[in-house]
Amino acid sequence: MTDRPQIEAAVEAVLFAASEPVSRARLLSAFDDEEREEAAAALERVVERYAQRDDRGVVVEEVAGGLRIVTRPDLHPYLRRFFESGGRSRLSMAALETLAIVAYRQPVTAPEVQELRGVSSSGVLRTLLERRLLRIAGRKPVVGKPFLYCTSREFLLQFGLNDVRDLPPLEEFEEMMTADQADRAESRNEPREEIPSDPEGEVEA
Amino acid sequence: MTDRPQIEAAVEAVLFAASEPVSRARLLSAFDDEEREEAAAALERVVERYAQRDDRGVVVEEVAGGLRIVTRPDLHPYLRRFFESGGRSRLSMAALETLAIVAYRQPVTAPEVQELRGVSSSGVLRTLLERRLLRIAGRKPVVGKPFLYCTSREFLLQFGLNDVRDLPPLEEFEEMMTADQADRAESRNEPREEIPSDPEGEVEA
Amino acid sequence: MRSGASPKGRAGGLLPDAWRIQLPVFEGPLDLLLHLVRVNEVEITEIPVVLICDQFHDYLALMEELDLDIAADYVYEAAQLIFIKSRMLLPRPRRGAEESEDPRENLVQRLLEYQQIKDAAQSMAEIHELRRGIWVRPPEKVEEEEEEEESLDLGDVSLFDLLGAFRKVLDRYDREHPPPLVLEGEEYSVRGQFQRILESLDGDRPLDLLQDLRGRSCRAEAVSAFLAVLELARLRLVRLHQTGEGELLLYRTERELRIEELEAIES
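Chains as they are written, first to last, in the working numbering: chain U, 1 to 205; chain E, 1001 to 1205; chain R, 2001 to 2267.
Please keep in mind that the hints were generated in silico from the structure rather than gathered at the bench. Heads up, the beta-carbon is just placed ideally off N, CA and C, and yes, glycines get one too. Any given hint might turn out to be false.
Covered stretches of chain E, as calculated for chain R (at least 3 residues, CB under 8 Å) [what the hints assert, rightly or not]:
1) 1046 to 1052
2) 1091 to 1099
3) 1116 to 1130
4) 1134 to 1140
5) 1158 to 1165
Generate coordinates for the entire structure from the input sequences, incorporating the hints supplied.
Pasting the structure below:
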């Protein structure tokens, strides 16, 4: 039997985890029939708890036929500052792809990267340069003398490599991805054949 | 001039909006220098406000080197019902054993994991990589240059650790476990012994 | 239905017949060994190798009987056990003062380590199960930013992601650049395109050049078609007209093609 505080807690948890406005009816669907009345009362207490107060940063707002917890709009300058201050830097999928192409095809030019990715990549290349994951290693002696891109020392640090030659060949990756029982059993046996096959035979100390 | 409740509210709003664990330092970066001391104090008040309480559905937890607001774990059944989703999937024993080995021996190679578990583990390692609980940290400078595996930030999040150094020493588990070793041994046998033994040794297909 | 060949005998009832029906749930040979240690109620450090070795082999025999795939890992451990057992049975050399090494030492060490790992895994399972119930909020967008792109935390990005990304690039490239259909060279020749365009211009309807070029199967064919249009224009067989919308329309002129003109065109 669920007790009163538990139901109130559950209402708050659901409201918190749902980022979209939730109608009262839908919110109450998380509860059994016999709990529902209690849950409806709990919901009103939770809403009250999230009423605007000077020292509270989040409020419950009623919008689009539903309820949701949101940050107080007047505090948004702080949020903006917080998110702009960066924090954990992220690598987009485009950047990761570009990085991978440079890593495996270096030295490589922007048009060559573009050819492989199928989209212009100069913006991404610039970002990777700024993040010091790539470096310019010179210019290719062809028409237009495009820059040649290589990976940097920072890149090696990021991926725990001593040398770009340590980059695993794609086949190794594929092997890893397709390793199934059979392969694994086989590879397992190989280095182990040194074990005397005849247990009754001579054994070294 | 920002007043005290306002700063407390702002701290709560930032913590709420970030959703990711945020280090105290980064959280305070949303404030001006002259507000920072006040903000640090406000942060502690907010953390206290989110301490576990019977009727509160959300708590502040300290994990992966930061603070974040999450739902109380025991409210899972309600959330699961509401979102019609089981949440994160379980890990197999093989996966947990492998995770434990990597967590305690990192950085570690696949052959080393295999040696410790007594079974080849490449499939499990791959699954853990895909679930982002492990990451490849480079290659070991020995013959064959095997990959080195480490635990990830996701690992810290899923196991509620601030840092891998916070893992309890292995010996501690032993003590903890020897206490109920007997129980477990028994319960482990149970399902096997439920089936009446067949003196004729006949087996149904 | 199988009968006989009961593996009991040596195991002395320690391997319940139930095993014959229930699939083993051991995580591997070490897990099985730990189980045998437990049911024999001995210490890992005092493992009775001869007994355990026999029970282990009985178990494998059972698996075989049930047509279960015996993983190489089990076979390997079985060989190890026989190896240790044989050494246990050999008289220990008493030469010198130094004690001869216990042949079980390595196995005991591994079992102790594995036991620790299992215990840790067990605790971790409980923690994970509990924390599975934690829900977080999706990150809030302060302002309506442009469609958030999928991204990874730089601190978390590892070789696995890098390789995965490269694989994806190559796969996509292959998909978008299927190996060109092997067509007869003529299809790409300027003369071939010349004839094709000329034929398609029979009648009063103009040909939309850009659309036609876009319809070519590959760049080489498009280039040939374009050169063919230049030839057609040079021989005044077509008239080019640009519309207000930028379309380039080809109109057939009255002029007839002479055979030697056609033959002069690159084939």
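Verification of the supplied hints:
no.	hint	in the structure
1	1046 to 1052	violated (count 0)
2	1091 to 1099	holds (count 6)
3	1116 to 1130	holds (count 6)
4	1134 to 1140	holds (count 4)
5	1158 to 1165	holds (count 3)
Hint compliance for this structure: hint 1 is the single one not met.
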